[in-house]
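Trainee: Work out the full structure: start from the sequences and follow the hints.
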Amino acid sequence: MSKDKKGGLKRRDFLKIIGVATGTAAVASSCSPPVEQIIPYVIPPEGIIPGVPNYYASTCRECPAGCGVIVKNREGRAIKIEGNPESPINSGSSCAMGQAALQGLYNPDRVRSPLSNIDAEKLRPLGWADAEKALTQKIEELRGTGKTGNIVFLSNNITGSLGNLVDQWMEALGGKHIQYETYAHEPLKEANKISFGIEKIPTYHIEKTDYLLSFGADFIETWLSPVEYTKQFSQMHGVKDKSVGRFVHVEPRASLTASNADEWISVKPGTEAILALGIANEIVKSGNSPNGGGGLRGLLSQYPADKASEITDVPQEVISQIAKEFSSRKRSLAIGGGVSVTGTNATETLVAINILNYVAGNIGDTVDFGDTLSISTADSFQDITSLVSSMENGDIDILFVYDVNPVFTLPKQLNFKEALGKVPFVVSFSSFMDETTELANLVLPNNTTIESWGDYSPRESVHALIQPVMSPVFNTKSTGDVILSVSGQVEELNGKFTQTTFYDYLQDSWKEKWAGASGAGDFDTFWKQSLEKGGYYKDLPSKTVSVSPAVASLKFSEAEFIGEGDFYFIAYPSYKYYDGKGANKPWLQELPEAITTGVWSSWVEVHPDTAKKLGVELGDFLSLESPQGVIETQVYVYQGIRPDTLSVMIGQGHTSYGRYAKDRGVNPIDILPLATDTKSGGFAWLSTKVSAAKINKSEQFVQTQYTTTQHDRDIAQAISLTELEKGIHHEEHHEADFYPPREYDRYRWGMAIDLQKCVGCGSCVTACYAENNIAFVGKEMVAKRRDMAWIRIERYFEESNNNAGFQTRFLPMLCQQCGNAPCEPVCPVYATYHNPEGLNGMVYNRCVGTRYCANNCTYKVRKFNWFTYKWPEPLDWQLNPDVSVRSKGVMEKCTFCVQRINHSKDLAKDEGRDVSDGEFKVACEQACPAEAIVFGNLEDKESKVSKQSHDDRGYNVLAEINTQPGITYLKKVTQDKA
Amino acid sequence: MSDKQGVLGIFSYVDVTIETVKKLKDAGFNNLRVFSPVPNHEIEEVMDEPESIVRFFTLGGAMLGAACGVGFTVLMSTDWPISVSAKPIVSLPPFMVIIFELTILMGALATLLGLLINSRLRRNAPITMYDTRFSEDKFGVMITCEKENVKDAEEILTSQGAEDIKFDGV
Amino acid sequence: MKKGIKILSVPLLAIFILLGFYFYNAESSDQGPKQPIPFSHKIHAGDDQIPCEYCHSFVDVSPNPGIPSVKKCMGCHQHIVGRDVDYDFDGTTINIKNEIAKVREYWANKEPIPWIKVNSQPGYLHFTHKRHIQRGFECAQCHGDVASMDQVYPAYNMNMGFCISCHTENAKDQEELTHLKDCLTCHY
Amino acid sequence: MSEQNTLTYARVNDDIIRMLDKPTFKWWALFLPTLLFVGFGLFCFIYQVYTGLGVAGYRHPVFWGVYITDFVFWVGIAHSGTLISAILFLFRANFRMSIYRIAEGMTVFAVLTAGLFPIIHLGRPWNFYWLFPYPNQRELWVNFKSPLLWDVFAVSTYLTVSSVFFFIGLIPDIAAVRDRVKEVPRKIMYSVLSLGWKGSNWEWLHYTRAYLFFAAFATPLVLSVHSVVSWDFAMSNLPGWHTTIFAPYFVAGAIFSGLGMVITLTVPIRKIFHLEDYITLDNYDGMAKLIMLTSGIVGYAYGIEFFMAWYSGVPAEWYQFYYRATGEYALFYWIMVVCNVVIPLPLWFKRVRRNILALFIISIFINIGMWFERFNIIVISLSRGFDPAAWGIYTPSWVEIGITVGSFAWFFMFFLIFLKTLPSVSIAEMKEILPVPKKEAKT
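Residue numbers (my numbering), protein chains in the order written: chain C, 1 to 978; chain W, 1 to 170; chain R, 1 to 188; chain P, 1 to 443.
Be aware that a few hints might be false.
Restraint-style ranges between C-beta atoms, simulated for each label pair [claimed, not checked]:
| no. | chain 1 | residue 1 | chain 2 | residue 2 | range |
| --- | --- | --- | --- | --- | --- |
| 1 | R | Gln174 | P | Ile304 | 48 to 54 Å |
| 2 | W | Leu75 | P | Ala330 | 46 to 52 Å |
| 3 | W | Asp152 | R | Phe16 | 52 to 58 Å |
| 4 | C | Lys538 | R | Pro33 | 54 to 60 Å |
| 5 | P | Tyr311 | C | Val630 | 53 to 59 Å |
| 6 | R | Glu169 | W | Leu75 | 18 to 24 Å |
| 7 | C | Glu86 | R | Asn109 | 39 to 45 Å |
Interface residues of chain C toward chain W, partial, derived using beta-carbon atoms under 7 Å [claimed, not checked]:
| no. | residue |
| --- | --- |
| 8 | Arg742 |
| 9 | Asn820 |
| 10 | Ala821 |
| 11 | Glu824 |
| 12 | Pro825 |
| 13 | Tyr830 |
| 14 | Tyr833 |
Rather than coming from a laboratory, the hints here were simulated on the basis of the structure. In this text, a Cβ means the ideal position worked out from N, Cα and C, and glycines have one as well.
Mentor: Okay, structure coming up:
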């Protein structure tokens, strides 16, 4: 692929290769069309029809969960990522990070070709042949000197074929493969080893429980498998037969997960073990334990409720109440994990949680050790520390870095960056110029998952396939291919691998799986089926475990903290950026963080009392100082955090990693000390106390919602459990209208949104950006409230009589497709109108931009194009050709993915039938992990949406304006009783 | 027209002008025209012209405007019926505004037309039979008569103390 | 002087009215764009009677009709080299053999032929060939008598009025008319 | 009255036509800066069209701001012209005679200014003509249910009718100027514009009749136009906009602001051109009384809005007014109240009403106050809608300020040209209120 002078990619070249029929993403206003070229294929690829999308199953590798995805391809370009309904992990849903993987693929700051600084000061582009030759030479040089063991391949937890290949390669070279995960959950493994003798991380079945007690496990955000657990949680917590599951979350701060809990228990950081034991003791004491506490009575009796209460800051009656609820519910489950319990006593805490489960008789089917997570196989933090010391000692000659960014994700105190400087030859396989790659000597950019073959096994039962959905955007090459190619060139390795491409290697390794799978037919069928389904899924029997008696003699302590400051410091992983990986994707940067609604930056959460004491307000800057350093960041005053705790999100503060990530916010990992969990040796995230001081700097806190309460508007409504059980009496009252009601023929498209299920994760928002070509506008524009999101998650803090004193409510707000839409009659040119199928149509090209519709919109869901927003190439390749790209001066808004409606109607028409219920999903509905959104035809009385719309909990937002919305919200359930 | 001639007498005072008109009328001169810098009821009375028909223009224009308003709104709305906010395609309350405005507009324009047509404005620019002092402070009486009667007219004008007497050049 | 204005105003008004009509009802010119190869639809579709769907093969399954790949061109031109004769292509004289040689050259270089689009619609309009063909419309109804054109040119000014008049005339019943005149059918 | 004794028909002509003498240095010193600012406003507009509406301070949810404020402000200014010429004509209020020409000129130029803003504020101003029902190949018409379309009709009708009305009134005066001027180009211009007016009884007969009908048409029109403008707001459902009081409230406010502007304009003109004998203290006294009345109506509206918001029991409505008086924009709210209700209070004293300087100062405050009234209604209401999640604060940008300044310059540019080209006091009608010259009276 040739490049023009600026190093940019020539569009023509791309078209030549993939052969697009026509592809200008035309803009809603154009006078005379410019000369358009149509570039035909030279040889038409099979199965591609221009104008008709193709879908390929693959696997998301944005986080270790390994959700199955389906990538939509139009004319050779990946344009949308959707969850794979076949995948047992996410069953069709996706998260914001997964949606945004496309912006990794099309990131304008990707490494566009191999780079090397072997003969130069700076990294300079070179061809693949030269790059591979350079690597071959280095390897041969090294082997010539006989120092064979000094090669290390540092990667994330890559299971499956690539992992095997790397293992084999390293073995052949005499090197070592270290798998580093930022959040490796070592304490969880260790705790399970201590409690059950299994050093594994199990899978959980939250959906089977009716009472969930979580100690810091942020399963809606990043913990283990967020999409899966959010889905399970919504099944457990959603309304079934007028009852709901109960969820109690224990954490020093009210994270997004805690915000979805019925009770958030604010606990003193590092004391969760004591709390868990205190609860267990109460259960045993009150005789509610089915096993009477087993052999642990003695241990537990050391933690009476009063003592536990004193240590943990949790009132005694709360402890006994939780104990009562936990043991009396049919199926309860306690889970633990996440950074806020990962202190120096993390393993002990998690053992204590296991004990709690044990005494309540929960160790059984809700915790499944038959199917364990592959993240269990990641190497330990100690391996990393010893690697760093070897590097420092000059014992490492070649370091390969694959899909990890240790310079960013490891604490500064470890001196990884300095150690890296002592490694003579660093090879990065990263496709992005991140902090580690910047320091590499040779960059061999890997294809993204969307461009390459591969597989990944997130857990024992799932072997997911990764297949290329499009040809590489840039001059990149799959690392598997590079390894095989280089191996072919290194003399001594000749013949080690029979395959020349990674695709062959992959197929060969899948032949083993095929052999293991019974009754799968011939390999080609097995292979094709696996590709279609996105992988090969097994059913594994669950394994019964028993608590080892050694637990009884364990000592349980509080976490230790380094530093003299007044505040415990929590650096928490972000569901938008994970460990910082997502920060280069504008969709994620622009996705408002659920609690603060902040975008494009970092902030520190400060309790109102603390803020008063420190003399700071929203937007002021605080300097946080730990023994390891200082960070300065903006204040967000939040009642959902303990007064003695401060917290900063991980993910921002990049010094490199592209234009969207660079110089934005702070990286809290920088000031974390190098502390470890005493039992497991894993990194202790919660280990420092910081001092905070106001500094003389203040800026607008850029967020998308400046209010915290509803101002008596009753927008996000709730119903108490008592009322729900009693049943709501619906008054049928028809108010006299000036005009007769509207009638529909075949379809009236409508939606139902269950607020009890919605967790506020923002997947829908990002999915909408991806589907509808919504422009991201950047921090400066969001600061002016010019974000373009068609769907927003409204977040309200409501006063409540729960322990926290407040309840967080989330409400996805999008165009309500009103029957009596206030926007329609005010448009002078009919640019917005009511279509015969109940949609509130928006004709972009007719819009003259009076903006009256937006003024008159009760829900304020219309967005105006203040400028013609641009997607830096090749981000614009992602644009959906089925949706107009709007230009300046035009109003835009949600139209229920009308392109999908039209597409389905078109397909139905081919077969001469009507569109059936559930035949297609709109983008937000499709993404929603909680399945809170249901879309369909209201005229069809049997459709799911019709039924939900007539639910007892159903209401219309601001119904008193008589807009007759097409969206029905189902009230959240407040649990006034346990 | 060659046998007709115009005579113009110029006066400073309204009462004198009116007196002159009366005298001229008594003498059988009926084709009279009075010039004045301001409208004056007494002159209007003595000239006894028929009521202005501008009002019919106004009425006609207003009615046409209202009809146009109804026509525009109803026909254009039904030509491509687009439903907004569950309102009927033809809903009169909002249309009333348009109908009203068009009534006023066309009424006013018709009045202008009526004025232009009826007062013969633009018919002919000032000729000899006009004196620029009319727009300042003088009054004039113009008699159009047969050539043989010019002398009589002049006599009456002189007797009334006309400050100036002009004849057109024909 | 006033007379002059009057005299002038008449032709001026006439010109304005004529211009208005011109822009209101402008027929497109019969001058198509200059293509990299002077491909004659008259020879292919007219003389040789190749059906449209042979080359534009996705027309009934996709919104896009599809432009034939170079391979498809070569399917015939592997064998048809063309006579060494001059041909009057819309007034320019071309040599058939030479022009066909160009196709073979593209094929040899594995280069696509950069055709210029003749009938183009703006991006805010979502037209689908599939529906229209399945409904039984002839290509010529919108594209004109392509079989008689050397260089294809837009036979009709395919503006919204063109679409809407046809939609209005061809609706079977009220429901379909409502659908066919629904903005969201084409604009989204 | 004493001064009328000194005025004669001839002197009226002399005095008024003298105003049209060659422009002095002072005139140029005023006129050239207006051109400069119009140019700057034009530059701002072009910049805005080229870059996008985002260069203005607009943001979600405040989609209307300074431009619509300017629009309503100028439409409001435009009102008193027709009020003074038409309504006071029907009521035979003689104090209108000396000022109605200036007021009408102001009306026409203010509508010309106001008419720009709906186009300036469009997202795609190059498509503004889509707002008119013209036959087109798309077979699409306009939405007559939209208050904006009512605006299109109301404002263009108003511009047409007020221009015609203005022109009709001018015909006899232009004839007078025609008869006076000597230079050939001007003579031709005035000859053409006078339509050959001769002042014959026949002409006067139709003229007076037509004038009456115009006045009769202009009166409901002027009331309807600002009602329609107010319905732009009242027809929507936004708290702070959706109220039935708006039409009379806006009409009163328009008359109020228009009279303020008339005073602001006439005071310097009267001084510079020595028109003390024409625009008399009695005239000002009459206007001041009208200001007192409309100020009272406007003040009442301010009060009753709060009452209705409270009485309605709608939290969004009540919060809106609570916020107006206490929120981020409270300063603007209180500027409005002070300028429009408090500062005009001294007019209850006759001494103040007859003090030109005091009137001038009060009138300027009224102009400021009324601009902010529109700003408050538009911006504050929008910034606090139904959904608290979508609240936001708007601040104008330099582009909006530039265009606003440009609009004032645009208005004054026309006005200055008007002063030097057309009689700013009605010659014919001034004569109507003078005693008719009669020989009997002399002797």
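Trainee: Now look at each hint and say whether the structure bears it out.
Mentor: Consistency of the hints with the structure:
About 49 Å separates the C-beta atoms of R/Gln174 and P/Ile304, a value consistent with the hinted range of 48 to 54 Å. At roughly 50 Å, the beta-carbon separation of W/Leu75 and P/Ala330 lies within the given 46 to 52 Å, and the hint holds. The beta-carbon spacing between W/Asp152 and R/Phe16, approximately 56 Å, falls within the hinted interval of 52 to 58 Å. For C/Lys538 paired with R/Pro33, a C-beta distance near 58 Å keeps the hint of 54 to 60 Å intact.
Remark: the range hint 53 to 59 Å for P/Tyr311 to C/Val630 is upheld by a beta-carbon distance near 56 Å. At about 20 Å, the beta-carbon gap between R/Glu169 and W/Leu75 stays in the expected band of 18 to 24 Å. In this structure the hint that C/Glu86 and R/Asn109 lie 39 to 45 Å apart at CB holds, the actual value being about 43 Å. Interface restraint check for C/Arg742: the shortest CB-CB distance to chain W comes to about 4 Å, inside 7 Å, so the restraint holds.
With a least beta-carbon distance of about 5 Å to chain W, the hint placing C/Asn820 at the interface is held under the 7 Å criterion. Because the smallest distance between the Cβ of C/Ala821 and any Cβ of chain W comes to about 5 Å, under 7 Å, the interface hint for this residue holds. Taking 7 Å as the C-beta cut-off, the interface hint given for C/Glu824 holds, the closest approach to chain W being about 4 Å. Taken as an interface hint, C/Pro825 checks out: its beta carbon lies about 4 Å from the nearest beta carbon of chain W, inside 7 Å.
A distance limit of 7 Å between C-beta atoms decides the matter here; for C/Tyr830 the minimum to chain W is near 5 Å, and the interface restraint holds. Hint status for C/Tyr833: holds, given a least beta-carbon distance of 5 Å to chain W, under 7 Å.
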